[in-house]
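Listed below, chain by chain, are the residues.
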Amino acid sequence: DGGITQSPKYLFRKEGQNVTLSCEQNLNHDAMYWYRQDPGQGLRLIYYSQIVNDFQKGDIAEGYSVSREKKESFPLTVTSAQKNPTAFYLCASSTALTTEAFFGQGTRLTVV
Amino acid sequence: GNSVTQMEGPVTLSEEAFLTINCTYTATGYPSLFWYVQYPGEGLQLLLKATKADDKGSNKGFEATYRKETTSFHLEKGSVQVSDSAVYFCALVSGAGSYQLTFGKGTKLSVIP
Chain C
1 DGGITQSPKY LFRKEGQNVT LSCEQNLNHD AMYWYRQDPG QGLRLIYYSQ
51 IVNDFQKGDI AEGYSVSREK KESFPLTVTS AQKNPTAFYL CASSTALTTE
101 AFFGQGTRLT VV
Chain R
1 GNSVTQMEGP VTLSEEAFLT INCTYTATGY PSLFWYVQYP GEGLQLLLKA
51 TKADDKGSNK GFEATYRKET TSFHLEKGSV QVSDSAVYFC ALVSGAGSYQ
101 LTFGKGTKLS VIP
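Protein chains in written order, with my numbering: chain C, 1 to 112; chain R, 1 to 113.
A few of these clues could be false.
[To be verified] Below are the SDA-like pairs computed for lysine to any residue, each with C-alpha atoms no more than 20 Å apart in a straight line:
| no. | chain 1 | residue 1 | chain 2 | residue 2 |
| --- | --- | --- | --- | --- |
| 1 | R | 105 | C | 10 |
| 2 | C | 57 | R | 3 |
| 3 | C | 83 | C | 41 |
[To be verified] Which chain C residues stay away from chain R? Per the calculated CB distances, all over 12 Å, these:
| no. | residue |
| --- | --- |
| 4 | 6 |
| 5 | 9 |
| 6 | 37 |
| 7 | 41 |
| 8 | 45 |
| 9 | 59 |
| 10 | 69 |
| 11 | 71 |
| 12 | 72 |
| 13 | 75 |
| 14 | 80 |
| 15 | 83 |
| 16 | 112 |
[To be verified] Selected chain R positions facing chain C (in silico; Cβ < 10 Å):
| no. | residue |
| --- | --- |
| 17 | 62 |
| 18 | 74 |
| 19 | 91 |
Hints listed in this document are in silico derivations from the structure and should not be mistaken for laboratory results. Backbone N, C-alpha and C fix where the C-beta goes; we use that ideal spot for every residue, glycine too.
Work out the full structure: start from the sequences and follow the hints.
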């Protein structure tokens, strides 16, 4: 079945550590996105990528980094510079033709 | 810039009640409009969409009509069920070749038996 897979579902990070969230899609979509979700704030765009080896900052990119070496994969690294990383992270993908986005199941990151 | 405003929740309804969740938007050009639903602990699923003025999106008994004159895309359902309990997000994509979704803050719906 086609879809988007995020892993892990739950992730715990110690203060000062970098962690990487995985996002893989087999929908052959060109565009991929990372969103952060906090209670009562909806979804905020962190980074997005329209083609391989290219990506752009979203509204809240500080403290995060991404790569897009393959069409299928768009990992997100939460660096130690991100001061408040505890949140629910959602990855999505879409094509230009429909603009409809498909979402993964999310990763809940907690700083301990 | 683009923005989406949804009615604030939470909304609590009895089973079989009528549901309306208001959504208005500000956008350049001619946006496509979406409603997404998020069940507890999960990602978002597309519920319905409309790509031009006066289009009606519908799915699973939910409907929303793209009203350009009032810049609105209100979500309605005639008879809600307990299984409809979730968070609902209104969203838009604006501009030719645009990939970026702009979301409202979400409205939490709880349906009680």
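Checklist entry - Which of the numbered hints are not met once you compare them with the structure shown? => result 1, 4, 5, 6, 7, 8, 9, 17, 18
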